[in-house]
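Taken in sequence, the protein lines are chains E and S. Quick note on the working numbering: the first sequence kicks off at 39 and runs consecutively. Quick note on the working numbering: the second sequence kicks off at 16 and runs consecutively.
Just to be clear, a hint being listed does not mean it is correct.
Claimed, not checked - Beta-carbon label-pair distances, calculated as ranges:
id, chain 1, residue 1, chain 2, residue 2, range
1, S, Lys103, E, Glu42, 21 to 31 Å
2, E, Lys91, S, Arg45, 45 to 55 Å
3, E, Lys91, S, Lys46, 22 to 32 Å
Stated by the list, open to error - DSS-like mimics (lysine-lysine), calculated; alpha carbons at most 25 Å apart, straight line:
id, chain 1, residue 1, chain 2, residue 2
4, E, Lys57, S, Lys91
5, E, Lys132, E, Lys119
6, E, Lys92, S, Lys32
7, S, Lys32, E, Lys67
8, E, Lys58, S, Lys91
9, S, Lys44, S, Lys28
10, S, Lys44, S, Lys22
11, S, Lys75, S, Lys46
12, E, Lys57, S, Lys49
13, E, Lys110, S, Lys98
14, E, Lys110, E, Lys96
15, E, Lys80, S, Lys98
16, S, Lys100, E, Lys109
17, S, Lys98, E, Lys91
18, E, Lys124, E, Lys57
19, E, Lys58, S, Lys20
20, E, Lys57, S, Lys100
21, E, Lys80, S, Lys22
22, S, Lys103, E, Lys110
23, E, Lys80, S, Lys91
24, S, Lys75, E, Lys57
25, S, Lys24, E, Lys58
26, S, Lys69, S, Lys28
27, S, Lys32, S, Lys49
28, E, Lys110, S, Lys100
29, E, Lys58, E, Lys124
30, E, Lys57, S, Lys22
31, E, Lys67, S, Lys69
32, S, Lys22, E, Lys109
33, S, Lys20, E, Lys92
34, S, Lys103, E, Lys91
35, E, Lys57, S, Lys32
36, S, Lys51, S, Lys22
37, S, Lys20, S, Lys32
38, S, Lys100, E, Lys91
39, S, Lys98, E, Lys109
40, E, Lys58, S, Lys103
Simulated from the structure, these hints should not be mistaken for lab results. Keep in mind the model is a prediction, meaning the values are calculated, not measured. Each residue gets a CB set at the ideal place from its N, CA and C atoms; glycine is no exception.
Now for the letters of each chain:
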Amino acid sequence: MTIETGRLCVKIAGRDAGKKCVILHVIDKNYVLIDGETRRRKCNIMHLEPLPKKIEIKENADHSEVVAMFKKLGIELLERKPREKKERPTKVRKIKKKEATEERKKKEKPKKSKKEH
Amino acid sequence: MVSGKHKSKTYRKVRVKTPGGRVTIHYRKRKPGKAKCGNCGKPLAGTIRERPYKIQNTPKTKKRPERPYGGVLCSKCTRELIKSKARK
């Protein structure tokens with residue numbers, strides 16, 4: 039069982055361990071691009087267990103193509119929705135209040151000096 | 016005088032500096048043993064080693080690695096188990 043594009047594999051390591059995937063692109067002698075039940079990601083060959091089955095699939099195929107191929111095998115993939123970007127609440131500085139406290143301090147200081155006399 | 020239960024080794028001693036500057040000895044219960052792999056018996060990495068009352072308040076992701084059989088089997092044993100399942 040060689041490692042080539044279209045080879046079905048099982049991921050062994052990490053949080054996707056035990057899930058099936060397809061090799062989409064062989065990056066170099068250590069790394070491949072995978073997709074399927076796992077997330078679409080770069081993966082070390084040492085973290086894959088190749089299976090005897092091979093799928094006909096293009097190099098660097100889209101996720102939608104991978105979903106269709108997995109459906110033929112009888113594996114339905116969960117839909118992944120891209121995260122919607124939410125606007126983060128920005129902190130608004132309360133400048134007016136700060137000024138007010140500073141003014142108070144200025145007022146208080148001369149009073150203290152009077153007491154010392 | 017130390018009370019009888021504090022003479023045994025079931026408690027560990029912790030030196031605590033009091034507000035008055037005196038160093039006193041406080042007695043605390045010992046930590047439980049390390050979590051071990053169910054297959055090979057190796058101590059597990061990424062697991063928490065605390066008394067239950069402290070584990071209760073820690074988040075789930077800090078208690079065990081986020082992987083199938085995480086916190087039960089070591090990484091080496093899970094790999095071999097998944098491999099053997101895939102080869103069947």
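Checked against the structure, which of the hints given earlier come out wrong?
Those not satisfied are hints 3, 5, 6, 7, 12, 18, 19, 21, 25, 27, 29, 30, 31, 32, 33, 35 and 36.
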